[in-house]
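Which chain is which? The protein sequence lines are A and B, in order. The first sequence stops at residue 347 when you use our numbering, and every number in between is there. The second sequence stops at residue 916 when you use our numbering, and every number in between is there.
No lab work stands behind these hints, which were simulated from the structure alone. Every residue, glycine too, gets a C-beta built ideally from N, C-alpha and C. Treat the hints with care, since some could be wrong.
As the list claims (entries may be wrong) - Beyond 12 Å from chain B on every Cβ pair, some chain A residues (computed):
| hint | residue |
| --- | --- |
| 1 | 39 |
| 2 | 155 |
| 3 | 182 |
| 4 | 184 |
| 5 | 186 |
| 6 | 191 |
| 7 | 192 |
| 8 | 200 |
| 9 | 240 |
| 10 | 251 |
| 11 | 328 |
| 12 | 334 |
| 13 | 344 |
Stated by the list, open to error - So the derived label-pair ranges between C-beta atoms look like this:
| hint | chain 1 | residue 1 | chain 2 | residue 2 | range |
| --- | --- | --- | --- | --- | --- |
| 14 | B | 608 | A | 207 | 41 to 47 Å |
| 15 | A | 307 | B | 362 | 26 to 32 Å |
| 16 | A | 322 | B | 423 | 56 to 62 Å |
| 17 | B | 590 | A | 60 | 24 to 30 Å |
| 18 | A | 243 | B | 612 | 55 to 61 Å |
| 19 | B | 766 | A | 77 | 29 to 35 Å |
| 20 | A | 285 | B | 758 | 32 to 38 Å |
One-letter residues, chain by chain:
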Amino acid sequence: MIRALSKICLSAMLAVPLAACGSNWQSALDVHGTSAISLKHLILLIVAVCSVVWMLVMVALIWALWHRREGLSTPPQPGRERRMTIAVIGAVIVTAVIIGTFTIMSFFATRSLSVAGQDELTIRVRGLQWWWGIEYLGPDPSRRFETANEIHIPVGRSVHLKLEGLDVIHSFWVPSLAGKQDLIPGRSNELTIRAEQPGVYRGQCAEYCGMQHAHMALLVIAESQDDFDKWANAERNAAAQPVEEEAAAGMQTFLTKPCAACHTIRGTIAAGTTGPDLTHVGSRRTIAAGLFETTRGSLAAWIADPQTIKPGNNMPMVPLAPEELRDVSAYLASLK
Amino acid sequence: MNMPAKASDTRDIDIQGSCLTEALTETWKTPPGIWGALTTVDHKIIGRRYIFTAFVFLVLGGVLAVLMRIQLAQPEARLLGPDRYNQIFTMHGANMMFLFAVPVMEAVAVYLVPLMVGTRNIAFPRLNAFSYWIYLAGGALLWIAFALDMGPDVGWFAYVPLSGPQYAAGKRADIWAQMITFTEVSALAVAVEMVVTVFKQRAPGMTLDRIPVFVWAMLVTSFLIIMAMPAIMVASTSLILDRLVGTHFFNPAEGGDVLLWQHLFWFFGHPEVYIIFLPAAGMVSTMIEPFARRPAFGYLGLVMALIATGILAFGLWVHHMFVAGLPRLGESFFTASSMAIAIPAGIQIFCWLATLWDGRPVFKTPLLFIIGFFVTFVIGGLTGVMVASVPFDTQVHDTYFVVAHFHYVLVGGAVFPLLGAIHYWFPKLTGRMMSETLGQWSFWLIITGFNATFFPMHILGLEGMPRRIYTYQPDLPWHALNVFASLSSIVLTAGFLVFFINVIRSAWAGDVASDNPWDAATLEWATSSPPPSFNFAMIPVVNSLHPLWDCRDALAVAKGLRTDRRELVVTSLNTAEPQAREASPRNSIWPLLTAIATSIMLIWSIFTPWAVVWGSIPIAIALIGWFWPKGTPEDEA
Chain A
12 MIRALSKICL SAMLAVPLAA CGSNWQSALD VHGTSAISLK HLILLIVAVC SVVWMLVMVA
72 LIWALWHRRE GLSTPPQPGR ERRMTIAVIG AVIVTAVIIG TFTIMSFFAT RSLSVAGQDE
132 LTIRVRGLQW WWGIEYLGPD PSRRFETANE IHIPVGRSVH LKLEGLDVIH SFWVPSLAGK
192 QDLIPGRSNE LTIRAEQPGV YRGQCAEYCG MQHAHMALLV IAESQDDFDK WANAERNAAA
252 QPVEEEAAAG MQTFLTKPCA ACHTIRGTIA AGTTGPDLTH VGSRRTIAAG LFETTRGSLA
312 AWIADPQTIK PGNNMPMVPL APEELRDVSA YLASLK
Chain B
280 MNMPAKASDT RDIDIQGSCL TEALTETWKT PPGIWGALTT VDHKIIGRRY IFTAFVFLVL
340 GGVLAVLMRI QLAQPEARLL GPDRYNQIFT MHGANMMFLF AVPVMEAVAV YLVPLMVGTR
400 NIAFPRLNAF SYWIYLAGGA LLWIAFALDM GPDVGWFAYV PLSGPQYAAG KRADIWAQMI
460 TFTEVSALAV AVEMVVTVFK QRAPGMTLDR IPVFVWAMLV TSFLIIMAMP AIMVASTSLI
520 LDRLVGTHFF NPAEGGDVLL WQHLFWFFGH PEVYIIFLPA AGMVSTMIEP FARRPAFGYL
580 GLVMALIATG ILAFGLWVHH MFVAGLPRLG ESFFTASSMA IAIPAGIQIF CWLATLWDGR
640 PVFKTPLLFI IGFFVTFVIG GLTGVMVASV PFDTQVHDTY FVVAHFHYVL VGGAVFPLLG
700 AIHYWFPKLT GRMMSETLGQ WSFWLIITGF NATFFPMHIL GLEGMPRRIY TYQPDLPWHA
760 LNVFASLSSI VLTAGFLVFF INVIRSAWAG DVASDNPWDA ATLEWATSSP PPSFNFAMIP
820 VVNSLHPLWD CRDALAVAKG LRTDRRELVV TSLNTAEPQA REASPRNSIW PLLTAIATSI
880 MLIWSIFTPW AVVWGSIPIA IALIGWFWPK GTPEDEA
């Protein structure tokens, strides 16, 4: 009964569908990144060889069990023992050759993957419980900017990711683009990704990182260089001043309530760094690290009760009057 | 034999027939009732207890698995919240690894190895009793904590910093770390007993090349335990220190290192897999003989493969850390070593296949489980080769592909042989046969249910489903396969249910077993089913690898042991020539009291470091009681 009720509540909550994108947007088999493509080839090849090996062993097993035998049980005979020795040694040699080949293939595949492109686009990805901080770096400090849970990259360009774990270990994994790499406190790891086709690729933390490990997703949006530049320039700007009355009231609420202590909205006095940067939260596709599509409704639901939606996350429930909740959600949704 | 015979001695040569068994029973018996149960040092009673307890933990861990399957059968299910789910998957892993898989293999060995080498009790029998109590206390600690909502929720691997003082508040991570201490102590105790039993208590004439393969496997496993456990001991102790007294072994902000934990954990954690697998491989090598009706082909190869696996096991821990950002060249070394382990595994598989090919298979339940083992374990081995490749691993690491892989290895590679072994040795343990019909039913249900549950997880992993997630969002294409896996787990559960029904029913009402119902060749079948408290009225003398096949009429025996005190033959390491008569300790309550004192100290130390100081006083008193000479005939030695 309780389960059924909670299911109804839940489906109501999830009525905002996220399924706008293709369903295989997080798969090592549906690949659109340079390294993921070559990994897929390697995976398929190794799987094919191993499948053949398994079938051969099964054939041998079936044959060993059911081949025709003559006469009664006899003690082991030297002739047969010798043939069996040869067969076993032969099989071991074949095994050694196969795994030797795999080892060499792996070695070269790893080497080719770790060759980084000569490109200046570098992004710092910080893993936190349970969201992703994204910072676009560059030679010019004034052109740096921060966002969260969403990475935009230009198609066909190598993008260099600097991976840093700030609290516990996380793992950055966008399987359609590349293999995973851990974000480890006290260490700095690197990963190069390159999208071959425009698209939206989903990634998810792959190292168990606590209570909400299941809800720590991010999107990588690969787009043309023009679209990317347009987006990046928009991101660099401070937040737009609200025009509508409701949004303006929402901004006041945001800045006077505890929200500003944890979140940054560039262009306002909100400069907290505990939670995600919200400067352009309305333009991001999802909130709460991939949990909901960004709409005014989902923003309101999230602010009203973050602990029911994503139990254990670090955002407290800030008591707001209904109109304040409406205003704040209107304001955040307006931050395009 | 080196002992001067005193006038008061009673030797087995002086008395015969029923008088001899009566005298030996009087000397070796475990008194009836609760006092006998608490004081016994009989390896058979302790071994049975150990096996039973391990299977209780298997059932408990299985219930957790079913809960997880129900939760994952639909996206965003709310049957279990994240907090409970994270405890459950941590408990499932920790329970299955530390409280079921390793102990159950040791348990079977505690029961069988002394019988298979033809001695009367395990070496250090009181330590053996102590190890069981400590194991029981560790298991109880974990499960009681879980029942009180204090179960660990940091994964069975407890990676720092997540398990460290900053991110794991409360006592949950400490309970995990201390449970490790309990199981380490008990595993180390059994390992030491096993090594000494195999090295020094083999029947006269059982030279190194006449040791049954299962015994070899347990010997190698015991060395693995002795060498691997210190790493996890250092790790879990450092973690407790970080958490309790504020050391900074794993705190990067204070010069500690996060990856140090992973190196220490996996330096233990990977050999751990072979600590589970090698005994199972030994069981297969031993069981295959009576069911193929011929000696296992390639004895030398099989034994060398066990030893090679044991050595290689220490050279591949880094393959658990392929995405942690270690130097690439180093990773390539570990790819090579991880792949190389396929060679000893292959040698064993090919030797078993050759044995079956040349033999005359008898299709009884144990052989069915061996066949099931081939079908599934080879898949697990091959996926193991896949994840040994660094680039391959970057896509499947920490996904359901790996979940599928290690269940194929551990369930297919260890639990299937174990189930076969239970059917095989059940008559020796209980004196009754298990039902063949129910056995076949359980086999088919388990193998079908297992493959249908776990095979789809390979695909789920490649489709991007990470491990250890308590739920997933409906827009991800994982629902169908998860439902399929969850439904299949019903079949798997049903198979285990049939197995347990078979065990319980057969224990009460199974056909009475003869001494050697399978016409097997090893020494445990040379005594009655179940064996008397002294195992063998006369110590057998062995002159081949298959004593019961080669001397069908009557086994030669060694004589001259005293019957008025517990005595066994100590033989030389290589050639098993008799060296001495050695007294074997009597029943004692002190191992239990020591275990209680140790448990109190260990659990108390979760809360304060002073427990180590004050808690060691009762332990010291208990140990003094343990070793105090009681003036029994055994003290003469």
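Note to self: So, against the hints stated earlier in the document, which numbers end up violated here?
What the structure shows: Of the numbered hints given earlier, those the structure breaks are 1, 3, 4, 5, 6, 7, 8, 14, 16, 18, listed in rising order.
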